[in-house]
Structure formats: structure tokens, C-alpha cells
Amino acid sequence: MPETAPTLLWFRRDLRLDDNPALAAAVTRGGPVIPLFVLDDDDAGDWRPGGASRWWLHHALEDLAKALSKAGSPLILRRGKAADVIDAVIQETGADAVYWNRRYEPWATERDGRIKTALKKRDIEAQSFNGSLLYEPWEIVSKQGTPLKVFSPFWRAVQAKGDPAAPLAAPKTLRAPATATGSEGLDDWSLLPTRPDWAGGLRATWTPGEAGAAERLERFLDEAVPDYKAKRDIPGTAATSALSPHLHFGEISPRRIWHAARLASEARSNDPMDRGTASFLSEICWREFSYNLLFHNPDLPEVSLKREFEDFPWRDDPDGLTAWQRGRTGYPIVDAGMRELWHTGWMHNRVRMIAASFLIKDLLIHWREGEAWFWDTLVDADLANNAASWQWVAGCGADAAPYFRIFNPVLQGEKFDGDGAYVRRWVPELAKLPDAVIHKPWEAKPMELSQAGVTLGKTYPRPIVDHAGARKRALEALETIKKR
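If you're matching positions, the sequence shown starts at 1 in the working numbering and goes up one per residue.
If you are wondering where the hints come from, they were derived from the structure by calculation, not from laboratory data.
Every residue, glycine too, gets a C-beta built ideally from N, C-alpha and C.
Please note: incorrect hints may appear among the correct ones.
Pairwise CB distance ranges (calculated) [unchecked claim]:
| id | residue 1 | residue 2 | range |
| --- | --- | --- | --- |
| 1 | 425 | 198 | 37 to 45 Å |
| 2 | 266 | 311 | 49 to 57 Å |
| 3 | 145 | 322 | 43 to 51 Å |
| 4 | 29 | 223 | 36 to 44 Å |
| 5 | 44 | 443 | 45 to 53 Å |
| 6 | 138 | 402 | 48 to 56 Å |
| 7 | 446 | 44 | 49 to 57 Å |
| 8 | 425 | 451 | 16 to 24 Å |
| 9 | 283 | 44 | 20 to 28 Å |
Please work from the sequences and hints to get the whole structure.
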């Protein structure tokens with residue numbers, strides 16, 4: 001029997017060995033496996049990874065390279081257009097097959113289709129696999145076979161499918177090619193910030209990589225899931241999984257999360273889908289729903305699904321946008337969220353909704369401005385989730401909260417951060433204010449402000465907009481497109 005030629009394994013947003021279908025298929029095929037990662041900024045266009053994502057990517061690749069070397073086949077790093085890089089590595093190694101796990105961003109699906117067609121014309125085997133979702137976007141549809149635009153029936157459809165396929169074990173060893181192939185140096189890609197180095201908070205908060213993902217999942221399932229439904233909206237407690245960046249970079253698969261959560265639930269309560277587990281897995285499926293929306297609506301990141309919102313009278317307010325970005329709006333719950341984002345590259349989901357509502361509805365700034373800021377500052381910046389969630393808050397997306405549902409930042413703060421723990425952590429200049437006024441310091445008595453060391457307009461800004469007036473203005477703006 002002739003020797004099986006090498007298989008080129010193209011890593012993308014699947015930076016793990018566990019439950020990696022493309023990797024498992026390459027190993028099963030036999031022959032050497034050549035792991036490759038391409039920094040594809042040229043292909044990504046406007047959606048090249050932002051600053052926080054690039055920081056994470058550096059460390060995720062560092063971790064993956066160690067795991068692959070330990071397994072026996074080192075990771076090759078190349079920068080450039082993916083098609084050109086793949087062709088070059090095929091010429092260098094004699095690989096006659098290229099395997100990868102699918103991505104669903106519009107630019108990626110278009111590029112991958114071109115690459116697959118070109119490879120097959122040259123009699124090079126090209127196969128792609130589902131390594132990122134529980135089910136493919138074309139598998140969860142209505143009874144009429146059409147894409148679902150409301151989350152509740154989508155969630156029911158996923159549950160009706162039953163459990164997804166069991167996750168695949170990581171291969172213990174990989175066979176390397178006889179001749180080593182040249183790789184670029186990770187440090188030469190300059191993914192880490194240097195002047196200034198703003199990533200101190202990220203380093204203190206996160207452990208990128210497959211082991212960090214597994215540890216975070218295990219801790220969450222052990223400690224937080226039973227109370228998840230009751231506590232997931234309280235930002236001052238560690239009640240959420242914070243797995244989103246690990247999921248985005250593929251350091252853990254949704255299938256692994258699904259099966260681990262159900263096993264833990266059954267062990268805890270003899271019910272594989274107890275209340276907390278069901279609530280948590282429905283959030284995993286919101287990610288799936290977002291990918292379905294993006295797959296069937298490729299312009300989701302740029303264009304409102306409800307097209308009438310393209311005529312919405314948005315305001316050009318650079319000062320307001322800057323105040324929001326810096327956590328200087330004068331509304332403590334909003335400012336706490338924006339500062340958490342800047343420091344850690346992440347923000348609690350309830351606060352994301354509050355901060356987004358403030359930008360869109362109190363300031364009347366286009367949701368795309370918020371989408372762009374989150375894209376650059378979130379370590380879990382994910383095109384599908386980011387676009388779908390911003391459109392949800394704006395009232396112009398699928399299954400969207402109506403535009404006229406306008407979060408009151410004071411009431412939201414009092415409801416979900418009643419003791420002020422979250423605000424006190426991220427807006428420390430207000431830490432000594434009493435609970436009753438910590439979400440509305442402008443109503444504090446002069447003595448309370450003095451004792452807390454707060455001088456409004458100096459140590460902490462006054463509100464940049466009156467919420468009641470802003471709400472009225474937003475509803476009037478909505479009427480203009482309703483009339484059209």
C-alpha cells in the first residue's frame with residue numbers, strides 16, 4: 001500500500017484538540033498531520049480581530065502550539081491570504097488533503113467556498129466539518145423549512161432534536177511529516193499591545209487556552225449552575241459562566257459544554273435538564289440562534305433586519321459617544337459596565353443590555369457605533385453574537401425587544417445591583433455613597449456627597465442627558481419611521 005500523503009489541518013476558530021472534528025478526521029485518514037494557522041486579516045476586511053481579540057488570539061495560539069508539539073506535530077504559523085498560504089504549504093509539504101472546521105461569517109463562507117472549489121479542481125481533497133455549533137444553521141428550521149426568526153421556537157426546535165452528537169476525545173499523538181515546514185514567529189505578529197500596554201486587566205482576569213476553558217466550565221458547573229436562573233442577571237455576583245471568549249476562539253466546543261452540563265445536572269438532581277441547566281443551555285443556544293441569523297442574513301452586521309430602521313433619525317454625538325466609551329455618562333450602572341469592559345475585555349450580559357440601551361435610546365447614537373466599540377474591546381467579540389445582540393436591543397433585529405422598551409438606567413441598577421456591589425467595584429469614586437443613592441448620586445444630600453468624598457461635576461460627572469427627556473425624544477424619533 002502506498003504511503004498516505006500528509007493532511008493539512010487548517011485551524012481557525014477551533015483552537016483545541018478536544019472534540020475537534022477536522023482534527024479527528026485528519027488522524028483517522030492516516031499519514032502525517034500538518035497543523036496550520038493563518039492570520040487572515042487580508043480576507044477579514046473590516047472584521048479583522050480587534051485589539052482585545054488579538055491579545056486573546058496570541059495566548060490561545062501559544063497554548064495550542066504547546067499542545068500540538070506535545071502531541072507530536074508542531075503548529076505552523078503563516079500570515080497572508082488564506083488561499084495563497086494554503087497553496088504554498090501544499091507545495092512545500094506534498095499534502096494532498098486539506099481539512100478544516102467551518103466558519104459562518106459571510107466573508108469566511110465565501111472565501112472557504114472558493115478555496116474548496118480550487119483545491120478540488122486540482123484533485124486535492126478538501127473537507128470541512130462542524131466544529132463550532134451544536135447544529136448547522138440549515139438544520140434548525142421551521143416546519144415549512146424556513147429560517148426561524150424568533151428565539152423561543154428555535155430553542156424548542158433544538159431541544160426536540162435531542163442531544164447533539166457526543167464530543168470526540170482529543171488524539172493522544174499526532175504523526176508529524178518527515179521534513180519540518182517553516183513557521184513565522186508568533187511574537188513577530190505583534191498581536192499584544194506594547195505602547196501602551198493596556199492589557200494588565202485582561203491578564204489578571206483570563207487564562208486563554210483549552211485548559212483554561214475546561215477549568216472555567218468545571219468551576220461553573222460545580223458552583224453556579226443550581227442558582228444560575230435566579231442570579232445570572234446580578235452583575236455583582238460571579239453567577240455566569242464567562243465561557244464566551246473560550247467559545248469564540250474554539251477552545252471548548254458547545255457539544256462538550258452541552259453534554260458536561262447535562263451530566264452534572266443528572267448527578268446533582270437526577271434530572272439532566274434541571275432549572276439552572278435549562279437556563280444556561282438556552283443561553284448557549286442564543287449563540288446558535290445568532291449564527292443562524294448571520295448565516296441567513298449576511299448583512300446582519302451592517303444593516304437593520306427591520307429595514308425601516310435604516311431611516312431612523314440617529315444623532316451624530318461624538319461627545320456623548322466618547323463619554324459612553326469611557327464610562328463617564330453620569331449613570332453609575334452604565335459607567336460601571338463600560339469600565340469593566342475596558343479593564344477586563346468583558347461585560348456582564350445584563351449590563352451589556354443596559355449600556356447598549358443607553359447608547360441607542362438615551363443618546364440616539366446608531367447601534368453600529370456600539371457594535372464597533374464592542375468589536376474592538378471585547379475578548380469575546382463575535383460577529384454573529386455582537387450584531388444580533390445590538391440589533392436586539394435596538395429593536396430592529398430578529399425577536400427584538402421593541403424599540404419603545406427603553407431601559408431606565410437608575411431602575412435597572414436598583415433592581416439588579418441593589419446593594420451597589422457592582423458599581424462600588426467599577427466606579428470606586430462612588431463607593432462610600434449609601435445604597436439608596438448610589439445609582440442616582442445627583443439625588444444624594446450634600447452631607448452624603450461630602451462624607452463620600454463625591455463632588456458632582458468633578459470627581460464624578462453629572463448625567464450627560466436627562467433620562468426622562470431622552471426617553472420622550474427616542475419615542476418621538478420612533479414615530480417618524482412609523483409614519484413612513
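Per the hint of 45 to 53 Å, is the separation of the Cβ atoms of residue 44 and residue 443 within bounds?
holds, 47 Å
Within 48 to 56 Å or not, the Cβ separation of residue 138 and residue 402?
violated, 29 Å
Using the Cβ atoms, figure out if residue 446 sits within 49 to 57 Å of residue 44.
holds, 53 Å
Falls inside 20 to 28 Å, the C-beta gap from residue 283 to residue 44?
Once the Cβ atoms are compared, 27 Å apart, the range 20 to 28 Å for residue 44 and residue 283 holds.
When you take the CB atoms of residue 29 and residue 223, is the distance between them in 36 to 44 Å?
Since residue 29 and residue 223 have Cβ atoms about 41 Å apart, the given range 36 to 44 Å holds.
Lying within 37 to 45 Å: is that true of the beta-carbon distance residue 425 to residue 198?
violated, 19 Å
Quick check on a hinted range of 16 to 24 Å for residue 425 and residue 451, using CB atoms only.
Cβ of residue 425 to Cβ of residue 451: about 20 Å, so the range 16 to 24 Å holds.
Outcome for the supplied range 49 to 57 Å, where the beta carbon pair is residue 266 and residue 311
holds, 51 Å
Indicate whether the distance between the beta carbons of residue 145 and residue 322 respects the range 43 to 51 Å.
holds, 47 Å
Checked against the numbered hints above, the structure breaks hints 1, 6 and satisfies the rest.
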